[in-house]
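Participant: Sequence:
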Amino acid sequence: MKNVLLLLLFLPSLHAADKVMMVKYLNTAWGHVHQNASRYSTSLTTVSCGHPIKIYEVKSEWHKVGAGPYTGYVASSQLSDKKPTCVQDKYPRFFDDLKLEITQMYYWGKLYDHYIEGKSRLK
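So the sequence shown is residues 1 to 123, counted in our numbering.
Possibly wrong hints are sitting among the right ones.
Stated by the list, open to error - With a Cα cut of at most 25 Å, we get these calculated DSS-like pairs of lysine-lysine: (1) Lys-82 / Lys-110; (2) Lys-54 / Lys-110; (3) Lys-54 / Lys-19; (4) Lys-54 / Lys-82; (5) Lys-82 / Lys-59; (6) Lys-83 / Lys-99; (7) Lys-54 / Lys-64.
Hints in this document: simulated from the structure, not taken from any laboratory.
Could you build the full structure based on these sequences and the hints that come with them?
Facilitator: Okay, structure coming up:
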């Protein structure tokens, strides 16, 4: 019984760590690391433009990623191979004067989750 209890105690530490395949950068002003591969899933954290994101698994629409202590999913359309030129970096004084709170950054990130880019099929 004690052996089983010890095994259960150390089992989480035996979990294999995800292997980093590459590093990409967030290319929208703000984005979210989601719990599941869906824009409607719970947000684990908010990240800003140019933030380096570790890619663990590549899929067509969502990548399994790591950002800080969080492991989750980011839409592939929000990631780029090279660090983008961000508004935050280009105009830091203007951006700092906005004095955005974390809740505002969260909602801007949610907006980018639901923003769809592409061409209209209307004629």
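Participant: None of the hints should be skipped; say for each whether it holds.
Facilitator: Now the hints, each set against the structure:
At most 25 Å may separate the alpha-carbon atoms for a hinted pair to count; Lys-82 and Lys-110 meet this at roughly 23 Å. As the CA atoms of Lys-54 and Lys-110 are separated by approximately 21 Å, the hinted pair is consistent with the 25 Å bound. Between the alpha carbons of Lys-54 and Lys-19 the distance comes to roughly 9 Å, so the proposed pair stays at or under 25 Å and holds. A distance of roughly 13 Å separates the Cα atoms of Lys-54 and Lys-82; the hinted pair therefore holds under the 25 Å criterion.
For the hint pairing Lys-82 with Lys-59, the CA-to-CA distance comes to about 19 Å; that is within 25 Å, so the pair holds. Between the alpha carbons of Lys-83 and Lys-99 the distance comes to roughly 24 Å, so the proposed pair stays at or under 25 Å and holds. Our distance criterion of 25 Å between C-alpha atoms is met by Lys-54 and Lys-64, whose separation comes to about 9 Å.
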